[in-house]
Each structure stands twice: as structure tokens, then as C-alpha cells.
Amino acid sequence: MLNKILKFTSIYVFCFMSNYVLSHHAFTAEFDANAPINITGKVLKVEWINPHAWVHVEVIENGKKTVWMVEGGTPNTLIRNGITKNSIKPGVEIIVRGYQSKGKLCLPRCIANGRDVTFPDGRKVFMGSSGTGAPRDGADPRERR
Amino acid sequence: MMHFIECLASTSWSIALRESLYLYPWIESAHVLFIAIFFGTLLFVDLRLSGYAFKKLSISEMNRKVLPLSIIGFILMTFTGFLLFYAIPIRNYQNLFFRIKMFLMILAGINALYFHWRMNQEGKVWDSNSFIPFSMRCSAALSLCLWSLVIISGRMIAYNWFDCDKQPQSEIINFLTSCVVQTEFYEALDGI
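Quick mapping for you: the protein sequence lines, in order, are chains U and Y. Going left to right, the first sequence walks through residues 6 to 150 as my numbering numbers them. Going left to right, the second sequence walks through residues 846 to 1037 as my numbering numbers them.
Simulated from the structure, these hints should not be mistaken for laboratory data. Predicted, not measured: the structure shown is a model, and the values here were computed from it. Take these hints with a grain of salt, some might be off.
Using 20 Å as the maximum straight-line C-alpha spacing, the simulated EDC-like pairs for lysine to aspartate or glutamate come out as follows [to be verified]:
no.	chain 1	residue 1	chain 2	residue 2
1	U	K47	U	D121
2	U	K107	Y	D1008
3	U	K47	U	E63
4	U	K90	Y	E864
5	Y	K1011	U	E52
Please build the complete structure, drawing on both the sequences and the hints.
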């Protein structure tokens, strides 16, 4: 009996924990859920790399130029969501929603976790990773209710 | 050293791995799997050696059965680990947790060599009188602690808290990660 209980709890704990462990690094370790951002700007460059792609966006607000470095999912997840090297390339005007990093010095550039990106044709695509513990803001279509 | 790492990062295979859609996640998963094989089998040897479990089995018998798996696990784990490093050389080289992990692995390696050296000399005596010297029990406990810490610090590499492109960091951190901060950064900081 004790054995059975142990077995079930360990399976339960494994399934429950793997939800967190299998995801990348936890959202709250690096980003601030209380600092949502909504930026519009031109793509400067895209680092199409593992384990996270980075989109550099140049934002001009009141004549002041800021560069945002936005973290996305892996190249693989981006392609699955419909973001390709051709759709997100330098010069394209995009809108990014996400959360700023805990450090807000913005030196030499601001850092953020991207949730979704809106393209010039109005297409809005999830660009983050699922199950990182990011706020449930509805950006992730695979999010559990 | 930094020059060598930069060379490594600019090779076409490194770039291909870094930008790969499938290979990188596959290598990542395989690395974790081989860690499980290596650490799982090591656990048997260390538990036996520390005298906590499997006392019916002699130490040399345990080694004969389990060690080949540990070695296979270790080789594949190291190989996939090297590929993961090779995919993102600069960031890993300057990562504090990566450096801690390498240091701990050297300690664990020395400990393993010491165990096998003693085992070769006195193994038969341990088998015959089923007595394990205290120093060997310590070595087994140390092995478990060190490899656990290696796995934990390996997991921590993913976190960017002490990364070179995330400044300001304390001077000790920048020293430990051989991070040279561009002067423009401090000039910009003065302006605030």
C-alpha cells in the first residue's frame, strides 16, 4: 500500500514538476511581470539563435531613439508559429508586446521578453515560449486555462 | 583564450548548430538523457561504496556490472556537452556557472581517479572482509555531492544574472567571468 502511494505521488510530482523543469528558464528570474511593454519600431537585426532568438527593435519616441532587445522562443518554435527569417527582417515595422527585464537601466539597450508580435499586415503571432511562468495574458494560444 | 573562443564561434559548424531548428534541441535532450545514465549508474556504485545499500553485492562485482554503463554515459554526456558549448562558445565561456561547473568537474575527476587507484590496489581486500575504509566512504559521499552540484550548476548556465552583456556587475563577477566592460557603458552611466 505504502509502495503504491509512493509510486503515485512520484508520478504525480514528476508530471507536475516537469511542466516547469522542461520549460526554459523561469520567466520571473529575469523579467518583471509588472512591467508590460508595448513598443512599435523598425527591426534592426534578428539573432536567429538557440536557445532563444533575439529581435532588436529601434523605437523612436518623442524624437528619442531607444533600442530594445526582445527575447523570443527558439528558432524552431518561431517557425512553427509562423515567424520566418523572411517575415521578420531588418526594416520591417512591428509592434511587440512583452515584459521588460528586471534591470531597467537600458544600457546599452533595453531588454524584454517578447509575448506577441504584430506585422505590418496585421497578423499577430505569439513569439515567446510556453510554460515559462510568464503572466497569462492570452498571448500564448497553447496556454492552459 | 578569448581569441580562440571567438575563432570557435565563427566556424560554420558552430553557426549551423546555433541556428539549427532541430539539432540543438535534440543535442540538449540527449545531453540530459546521458547525464541520467551516467549519474544513475554512478549512484549505484557510490551507494554501495558508502555502505548504505546493496550490501549483498561485492564492490568489485558492482563495478563490473555498472561501470561500463557509467563510462558509456560519461563519454556521450561529454560529447553532447561539448557540442552544446561549441554551439554558443562565447556566452558559455564567459558564464559564471559554466566555470563553476568545470571547476567542480575537475574536483570530481580527481576524486574518481583516487577511488579507482585505491580500488585497484585494495579492492580484493574490501571484497574478502566486506569492510570499506572510512576514506573510501567519504570519497563516495563526496562523489555524489560533487556530481549533484555539477548538474545544478549546469542547469544554472541558462540564467543570465551574471552575463557579460548584462551590466553593471561587481568587479569580482567581471573578473571571474573574464568580462571586459566597454568604456562607453560607464560613460553612459555617468550621464544619468
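Hint check:
Taking the CA atoms of K47 (chain U) and D121 (chain U), the gap is near 15 Å; set against the 20 Å cutoff, the hint holds. At most 20 Å may separate the alpha-carbon atoms for a hinted pair to count; K107 (chain U) and D1008 (chain Y) meet this at roughly 14 Å. Between the alpha carbons of K47 (chain U) and E63 (chain U) the distance comes to roughly 5 Å, so the proposed pair stays at or under 20 Å and holds. A C-alpha spacing of about 11 Å is found between K90 (chain U) and E864 (chain Y), which places the hinted pair at or below 20 Å, so the restraint holds.
A hinted pair counts as satisfied when its Cα atoms are at most 20 Å apart, and K1011 (chain Y) with E52 (chain U) qualifies at roughly 17 Å.
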